[in-house]
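Novice: One letter stands for each residue in the lines below.
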Amino acid sequence: MIQMKEKHQSRSLPQLDELYKEIILEHYRKPCGREPLDKVDFCAEGMNPLCGDEVKLSLQLKDNKISKVHIEGHGCSISVASGSILADMLKGKTIDEAKNISNCLKNIMHDKETDSKIDLGDLEALEGVKKFPVRIKCALLPWTTFEEALIGHEHVEIS
Amino acid sequence: MFDVNKIRKDFPILERKIWGDKQLIYLDNAATTQKPKIVIDAIVQYYETYNANIHRGVHKLAEEATAAYENVREKVKKYVSCDSNSEIVFTRNTTESINLLAYSLGESFSEGDEILLTEMEHHSNIVPWYLLRNRKKVNIKFAPITDQYELDYEKLEKLITKKTKVISITHKSNVLGTVNDIKKIAKLAKTNGSILIVDAAQSAPHMKIDFSDLGCDFLAFSSHKMCGPTGVGLLVGKKELFEKMSPFLGGGEMIRKVTFEDFTTNDVPWKFEAGTPNIADVIAFGVALDYIQKIGLDSIYKHEIELTQYALTKLRKFDFLKIYAPADVNKHAGIITFANPVVHPHDIATIVDQEGIAIRAGHHCAQPLMKKLGVSATSRASLYFYNTKDEIDVFIGALQKAFDYFELGACKELKEKVGERISK
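Protein chains in written order, with the numbering used here: chain Z, 1 to 159; chain U, 1001 to 1424.
Simulated from the structure, these hints should not be mistaken for laboratory data. These figures come from a predicted structure and were not determined experimentally. Fair warning: there could be bad hints in the mix.
[As the list claims (entries may be wrong)] Residues on chain U that point at chain Z, a partial pick, calculated with CB under 10 Å:
1. Trp1019
2. Gln1023
3. Gly1057
4. Val1343
5. Pro1345
6. His1346
7. His1363
8. Val1375
9. Ser1376
10. Ala1377
11. Tyr1405
[To be verified] Simulated crosslink set (DSS-like; lysine-lysine; CA at most 25 Å straight-line):
12. Z:Lys21 with U:Lys1022
13. U:Lys1401 with Z:Lys130
14. U:Lys1078 with U:Lys1317
Backbone N, C-alpha and C fix where the C-beta goes; we use that ideal spot for every residue, glycine too.
If we strip away everything but chain Z, and leave its shape as in the complex, we get (with noise of 0.2 Å):
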């Protein structure tokens, strides 16, 4: 998980302080994952026609565990910031434990009922993009191009 810097920003939109929590702008700020893995098992890239956002996205695993996550691309705050955070998330994971967050993250944003024993950690700093529905698709981008790559799918377009 980001460690919080001090308070520092001048918040002077505070409507606009549910969507960009502080972590969110950390993540952006340094995302986590950039680095290249040296074996890749899964991978698939994602793409937002609407908006031109890209993601790549490569997972290592290990005894059954995602031990190494890579992505890259462009996009917004969200879209980065949600990518980063599943980095820090899935490492050490099953692939059965990635796949309830993921799952938990889309209920979140299509405001469904969630498993409230799993553990989101940064991701609940994306609750507050389901009050801006068009940026939702920006959050679940990395996510949606994860559960591609466990299928096996090389490319995924979300509409």
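The hints should help you fit chain U onto chain Z, whose structure is shown.
Specialist: Below, chain U without anything else, positioned relative to chain Z:
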């Protein structure tokens, strides 16, 4: 006398408040413009008083509707200064106009024939030609742009060959705002015997267009980008070429005679208007044309240049912003596209939206151009004659808030990052 405050009263939507108390500031006019009340009223009036299908009915309503619809054709002819050798076809939008051309002209093309486009085209002037390539194995070439965001005319000339059947080019780029020298290209096209198509979606709403003087063969534009309703596109073209072309869509109205064996086509322009057209919106578009002409295209152009100049002066104070436009404001009036490598255009658009300001963020349906510019997305503010300097001031203030929010300009580390990436 051009009075922007008086003009604004013609547009009911400009009274709209966003997010409670924020006055709407609409700066997404390159996507679509707002509609004056008289245009909206024309649609209501049609449906309330003379709604009928056109051309075939003998009753009074049909006669009135047909006359009103066909009258708009004459208005369009005057608007673009057509001569008697030209015709107007109503389509759904600029995209459909270009698809019609790619399909119908393309029927006579064969493998190896060439289509010349430019790097600054909207997807609507790229994809129809890719579809033609699938059918006819034609080759598609792109004339490059210079580092000044203008068309490279020398390179364009070199790309024209004996096989170049069509040169299809935007009059004014929807991203860069660059206005291309169509007369210059028309000379090249004519010498070579190529058909010249001009996408005027971004120019027709803002500047005087003289179809005969431009020297192109076809001109396409949309009603909704010039105060008219959505769902009406225009295709101006030389009658002689229209007559030689295959029909596009088949059905009622485009035929002269249908038997169990075959059909013959109607005269131009109806040959290209299959099925019941968008009668109400065509008629309302006629009202929009009258409205624009009453304000005057010279006044509109002058106001937009002044406003663009004003906005640019203010925007340049953000020294970390890269503005994608020719240096001469006369060449890109009304469209300002910008980006910086730190705050993504989507984030900027969301933040200024909170202030009631509508701008565009993304690839603007010009992904190949974005690739050429080396960005995945940009922000675009696009103006029309009802925008004001006060609105620009609020917009600049909102941008400042967006950059403050992301600490751009305050955070040393980020500023260095920006400087480094811009210098690349």
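Novice: Decide, hint by hint, whether the structure agrees.
Specialist: Here's how the hints hold up against the structure:
| no. | hint | in the structure |
| --- | --- | --- |
| 1 | Trp1019 | holds (7 Å) |
| 2 | Gln1023 | violated (16 Å) |
| 3 | Gly1057 | violated (42 Å) |
| 4 | Val1343 | holds (8 Å) |
| 5 | Pro1345 | holds (8 Å) |
| 6 | His1346 | holds (4 Å) |
| 7 | His1363 | holds (4 Å) |
| 8 | Val1375 | holds (9 Å) |
| 9 | Ser1376 | holds (5 Å) |
| 10 | Ala1377 | holds (5 Å) |
| 11 | Tyr1405 | holds (7 Å) |
| 12 | Z:Lys21 with U:Lys1022 | holds (23 Å) |
| 13 | U:Lys1401 with Z:Lys130 | holds (22 Å) |
| 14 | U:Lys1078 with U:Lys1317 | violated (43 Å) |
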